[in-house]
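Residue numbers (the numbering used here), protein chains in the order written: chain D, 1 to 624; chain H, 1001 to 1182.
Honestly, the hints are just simulated from the structure, not real lab data. Built from N, CA and C at the ideal position, the CB exists for glycine as well. Heads up, some of the hints might be wrong.
What the hints assert, rightly or not - Computed list of chain D residues with no C-beta within reach of chain H, every gap over 12 Å: (1) 243; (2) 498; (3) 501; (4) 520.
Stated by the list, open to error - Derived SDA-like pairs (lysine to any residue); straight-line CA-CA distance at most 20 Å: (5) H/1015 <-> D/548; (6) H/1027 <-> D/545; (7) H/1077 <-> H/1126; (8) H/1178 <-> H/1099; (9) H/1015 <-> D/616; (10) D/562 <-> H/1015; (11) H/1027 <-> D/544; (12) H/1015 <-> D/549; (13) D/412 <-> D/305.
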Amino acid sequence: MEHSYFFITMIYLAAAVIFIPLARKLGLGSVLGYLLAGMVIGPSMLGFIGQEGQDIMHFAEFGVVMMLFLIGLELEPALLWNMRAPILGLGGLQVLITTAVITGGALLLGQPLNASLALGMTLSLSSTAIVLQSLKEKGTLSSSAGQSAFSVLLFQDIAVIPMLAIFPLLAGASSTHKDGHTLRDNLPAWGQTLVVLGAVVVIIVAGRYLIKPLLRIVARARVRELFTAFALLLVVSISVLMSLVGLSPALGAFLGGVVLANSEYRHELESDVEPFKGLLLGLFFMAVGASIDFKLVLSMPWVIVGLVAALMTLKTIILLTLGKVFRISTEQNLLFGVALSQVGEFAFVLLSFTNQYNILPEATVSIMTAVVAISMALTPLLMMLYEKVIQPRFNVADRNTRQPDEIHLQEKHPVIIAGFGRFGNIAGRFLRVNGIKATILDLDSDRVDALRNLGEKVYYGDASRHDLLEAAGASDAKIIIVAMDTVEQTLEVVKVVRKHFPHLQMLVKAENIPDTYELMDLGVLHIYRETLDTSLRMGADALNMLGIRAYHAHRIASTFRKQEDKALKGLSAIRNDKKLYINTVKERIEELEKLMANDKVTRWNSPAQGWDESSLINEANEDQ
Amino acid sequence: MTKILILFAHPALEKSRVQAALLPAIKGMQGITLHDLYEVYPDLNIDVRHEQSLLLQHDIILFQHPFYWYSAPAIVKQWQDLVLEHGWAYGSTGTALRGKRIGNVITTGGQESSYDKEGWNHHTVEDFLLPFKQTATLCNMQYMPPYIIYGTHRITPSLIQEEVVAYRQMLEELRDGKSLTQ
Chain D
1 MEHSYFFITM
11 IYLAAAVIFI
21 PLARKLGLGS
31 VLGYLLAGMV
41 IGPSMLGFIG
51 QEGQDIMHFA
61 EFGVVMMLFL
71 IGLELEPALL
81 WNMRAPILGL
91 GGLQVLITTA
101 VITGGALLLG
111 QPLNASLALG
121 MTLSLSSTAI
131 VLQSLKEKGT
141 LSSSAGQSAF
151 SVLLFQDIAV
161 IPMLAIFPLL
171 AGASSTHKDG
181 HTLRDNLPAW
191 GQTLVVLGAV
201 VVIIVAGRYL
211 IKPLLRIVAR
221 ARVRELFTAF
231 ALLLVVSISV
241 LMSLVGLSPA
251 LGAFLGGVVL
261 ANSEYRHELE
271 SDVEPFKGLL
281 LGLFFMAVGA
291 SIDFKLVLSM
301 PWVIVGLVAA
311 LMTLKTIILL
321 TLGKVFRIST
331 EQNLLFGVAL
341 SQVGEFAFVL
351 LSFTNQYNIL
361 PEATVSIMTA
371 VVAISMALTP
381 LLMMLYEKVI
391 QPRFNVADRN
401 TRQPDEIHLQ
411 EKHPVIIAGF
421 GRFGNIAGRF
431 LRVNGIKATI
441 LDLDSDRVDA
451 LRNLGEKVYY
461 GDASRHDLLE
471 AAGASDAKII
481 IVAMDTVEQT
491 LEVVKVVRKH
501 FPHLQMLVKA
511 ENIPDTYELM
521 DLGVLHIYRE
531 TLDTSLRMGA
541 DALNMLGIRA
551 YHAHRIASTF
561 RKQEDKALKG
571 LSAIRNDKKL
581 YINTVKERIE
591 ELEKLMANDK
601 VTRWNSPAQG
611 WDESSLINEA
621 NEDQ
Chain H
1001 MTKILILFAH
1011 PALEKSRVQA
1021 ALLPAIKGMQ
1031 GITLHDLYEV
1041 YPDLNIDVRH
1051 EQSLLLQHDI
1061 ILFQHPFYWY
1071 SAPAIVKQWQ
1081 DLVLEHGWAY
1091 GSTGTALRGK
1101 RIGNVITTGG
1111 QESSYDKEGW
1121 NHHTVEDFLL
1131 PFKQTATLCN
1141 MQYMPPYIIY
1151 GTHRITPSLI
1161 QEEVVAYRQM
1171 LEELRDGKSL
1181 TQ
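Bound conformation, chain H alone (with noise of 0.2 Å):
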């Protein structure tokens, strides 16, 4: 069985309507450890050794979290300059995550459509992931490609309960190695 880490970031969850449906849907899951770093670091004062050990207990790393500004919220950022430090996640020696996989679980408001090329973001989610991407090469993870639930400013409740079921399907499918990507 694979061990899944999620990380999970939302800065303001009673504002939330989809992030705050996965959240218990996910909790307690066999084999899911579900880490929400603003519930444990309300000061932003991450314990750098505690999060390299969880590193260490698990295959797969999924940042879960609205995509905001094109990218995550702020203690993901102060995560990742943290926890991976030289030496140890990335350099000549830096070797404790070579080989985990790591991902984003993203929601974001505007519609699928507006990511492209031709829709008023210009680009595609993939493609502003791009120092998610490099940062797992440089730390000798392979990066999986992002999960996305779109549209979330227009998702009715019942599309909320749908999108629900697919995130707990993906989950197990990857802890249970059904599939490779996602």
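This is chain D alone, in the form it adopts within the complex (with noise of 0.2 Å):
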């Protein structure tokens, strides 16, 4: 059937539409909604779209691309540096171990062996796109299981270039492979190797000192799109460069990320590129769902069930191992385990290759790739089974365990903290020194083990859930601290305990302005802003370093935090329905505009009228 564009792009954006939210309302993240969706719109189900799948998906491999680079953004050299050990050791292991097992049990199934290491290196890697987007939207990338799958992804994004050069010497001697279509491939071995440096040394080199500089001059156009078109070419180029040079587009976005993560511009690139790589991974999630061949899957259900559950309890049970010896807790490795249990999208790029060199037949291929997409598929699906079955069992027997811990509960603290990470555990250990005690509940379960180990009564569990709430004492307790690690959580505990305990007072930690208008909205009375405070006595005691009396600088920096909270409730009541867009940087830019007009007209740092003596001094003046 042949369609055109523009009804490919409705049927696209119209399944979007409607299963994504539909999805979201199930409780299915917006992967598998995705997911979903190809599949009804696929060639196997409604046949909306056809054959050009497969080019749809070469296009929208692009989205992963854009994720690595947003995912290098957030992420600082110097941190990069600090996963060094995870990302080669847990990393190169999973790699190493898992395709050393699977080609070994490829042998045992009669292949040969260029084919069995061909599969072995395929189907060792995991997706970074299913993975990631999952991990995000449940909001665990920074618990110890998310970091260490990103470790591992982030390791198997750099396998893929060694294994892309292999690929070649696999290949059958009637190898139909076509002529050097990268810059590489007519170069001799040390050529190729600097060619990939040079590559690497160009981004970091080019992100440094041309980058930046014309990220500037970008900025000063001010043109809005202009700097959404700069920012698509940045990270359209640095695919370009890859792949010319034969990388990986994925891993070199990542790096060209990194080298701006301390960049000024770094969050307007953020919020640039977001939107497309929503649209474009989302547009991926269908491309693969709809590749699934379910007359294929039909003709041969065993065989494939029986791979696909071979092939995700094997990958499982090597991470596991992996975690365990990486020292990773139980409950955080079931995740691990689970979250990277698929085989990856590269797997259809390498599949295709083997394809073309004649590693393996086609209908090897077609069986593999049906295979692929499936454990993709599976992916939410199990890791939404880990969320509703095993983490909560886990957290049962969790506290079964430890008797003690219940009694303690039977005390009735009057103070829950929900989350207690940097900003919580400050709050929590004030009131504890100051003999008050406080219900913690956090969401890390890393943290809880250790903190626990310090002889802290910290209880792992979701604050969201009002049964774990219950279970927490908030029906007795006076007062709530919500300092969750992200805003999205903190709205949730708010909503829940709204709903649900209505008579706790709630003291809530914001991380910006626009969350605070968020919680404002939420009837929210007391609002804490992460950096407030703290900022404000760092310029006090820079007014105080340039001469400014101690107690003058104390009392300006308290009215201006006071000035500060009544502009943000003016504001927040007469911006109306402007809410939905306020997370752009042109809303918060032009909110800090008029947060600093409004310093202007108002005398915030009037001196106190009582302490000036000027008009007494005029009076006596005139009296004279």
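Reassemble the complex: the two chains are provided individually, in unrelated frames, and hints are given to aid placement.
Shown next as structure tokens:
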């Protein structure tokens, strides 16, 4: 069936708009929604889209590139350096062991050595797109399982480079490989290495000395879409450069992101690339869904089901073993194992290569393609299963073995602290040294274990679940301090508390102005912007060092804070339905401008009139 | 040599003319410790132990401050409330400050003539300082007559300089024991 461009675009967008809200409503994340949408519109079911699915997949893979760019942006070089041990150790071992085991398995199943090795390498990879998107959506990317998964995925992205180099060597005698389409192909080995290193150096040097000044120029032009265009150009150029030298564009984009991570335009880049990434990734997931050939699956269901099950079990076992070796706690390790159990999108690329090089016969390739796609589609389901079945059970088991904790809960602490990260733990420690006992709930199981080892009464659990809050004594408590790691989690907790425990006084941490507004909309009275007090204290100290009296600096900082609160409340009241867009950088800048304009009109730093004797002096002089 | 502790209190020194001139002039004088209360405790959170140990290291304590509503700025009261603890400064076992001398160094906006039964303030500065005097007595300290610079609302720059010189001289004499009362 031939369809116009617009028709296909319409089908894809409509499928997304229909399926994503539905999937979310049903509690399946957006990734699963996209996959389902793809399956439904794909050739196997409704057939709205046909063979062009493959092309779309290639195009949509660019979404993965953008995602890696964004992840790079959030990761400063120093942070990356700190992660070198898990990346090389955990990631390296995962790829090596999984490749070896699968190769062995394939050999046992009667495949020739070169095909077995190709399968082993292809199937050892996991899906960066699905895993990171799902973890991010569930807010577990910063947990130890999330960090470990990220390290492994990063290593896999690097490992693709040598794999691509090895594949031609595995090629059968009658290779139909086309002539060199990358710069490297006609070079000797040392030349290839040089080209690869050169490309990396180009990205780093250009990022430092070329892109940053360019960004400044583009930003100064003050044409909003120009910046977006430049951001896209940046990612596309990196991809082109990387493809030219035969490297993974995703890896290049990641590197580019890291180089720009500490640039002042980081957030602007982020917010500009973000929507494109979201759409393209969605498109990518839909293409994966559409690529599942149900006819093939139905013609040999047990072979495919068996392969998927065996493959995912094998990968999970290897991951769990490695997790154990790298001392990830059991509960986090399970998430780690489940999350990375699928085969990644790069397998599609590698599989098509195996076909090109005659390593695998066509039939095997299409079976494996179905297996890979199904394993990807299963991942969000498995993660949901983990979240709904394994994780809660873990908490119960955990609590049962720690009976004394239950007894202490009977004490009915007046305070519940939801989120014991950087912010919550200061408030918690402060309360504790003042003899106030608090029940602490936290979502990071490693942090919970660490704190428990220090003798803190911390409970692992999601504070946005009302049964868990109930168990933590919310009915009898007076105060809840909400200091979750992410804004989304904070809003969830606030909504649940408002609904089920309206008597609780809420003290809520906010990160920035937009979420302060959202909390105001939810009727939260006590909102604490994370950095406000500290930065004002710093400002006051700076004034003091410049010779302003400490007491005066202290007072004007305090006045400034009150004024800021008041101004925010005022602006919140007049912003109306603009809040939908408030997350964009432009809005944030506008907010800042409004606040600063407010600073000028308001005499927030007016001197204390009581201590100002000028009027008295004037009067005294008049009397003379 | 007598050791002098000056407890300086001015909440808005940036607005001041006379106290702002006195302060740098006495900074670094030998035998004199200048302790700027508002600068050290901008949040009025006074370190009681530190203050008490300072008191123990000195023989003469002077509150130097502008005369606000016939008394000292708020931090002086806060200081008194917290530092002069029962059982330390007063009470049956409170003998830490016994025998030390204490007094006020004051700048007033009004002229000397206004601090008089006939003037519009109706009382002398010494009258108004009665709580300081009794506090000293309760703490077994000897209260010295106040050192007062009157009429700062109309004072001229050259007069300020004269006051600075005079104040320095007074402190030197006090330190070297040349004058007993002041």
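How the hints compare with the structure:
Its beta-carbon lying about 60 Å from the closest one in chain H, residue 243 of chain D satisfies the requirement of being farther than 12 Å from that chain. Residue-level check passed: residue 498 of chain D sits 34 Å from the nearest beta carbon of chain H, beyond 12 Å. Every beta carbon of chain H lies more than 12 Å from that of residue 501 of chain D, the smallest distance being close to 35 Å; the non-interface claim holds. With a least beta-carbon separation of about 28 Å from chain H, residue 520 of chain D lies farther than 12 Å from that chain, consistent with its non-interface assignment.
Proposed proximity of residue 1015 of chain H and residue 548 of chain D is supported: the alpha carbons are some 12 Å apart, at most 20 Å. The suggested pairing of residue 1027 of chain H with residue 545 of chain D holds, with an alpha-carbon distance near 18 Å, which does not exceed 20 Å. This hinted pair checks out: residue 1077 of chain H and residue 1126 of chain H have alpha carbons roughly 17 Å apart, not beyond 20 Å. A threshold of 20 Å between alpha carbons decides the hint, and for residue 1178 of chain H with residue 1099 of chain H the separation of about 18 Å falls inside it, so the pair holds.
For the hint pairing residue 1015 of chain H with residue 616 of chain D, the CA-to-CA distance comes to about 12 Å; that is within 20 Å, so the pair holds. Of the pairs offered as hints, the one joining residue 562 of chain D and residue 1015 of chain H is violated, with about 24 Å between alpha carbons and a cut-off of 20 Å exceeded. A distance of roughly 18 Å separates the Cα atoms of residue 1027 of chain H and residue 544 of chain D; the hinted pair therefore holds under the 20 Å criterion. Between residue 1015 of chain H and residue 549 of chain D, the direct Cα distance comes to roughly 11 Å. Compliance with the 20 Å bound is thereby established for this hinted pair.
Our distance criterion of 20 Å between C-alpha atoms is broken by residue 412 of chain D and residue 305 of chain D, whose separation comes to about 51 Å.
Figure legend: structure checked against the earlier numbered hints; hints not met, in rising order: 10, 13.
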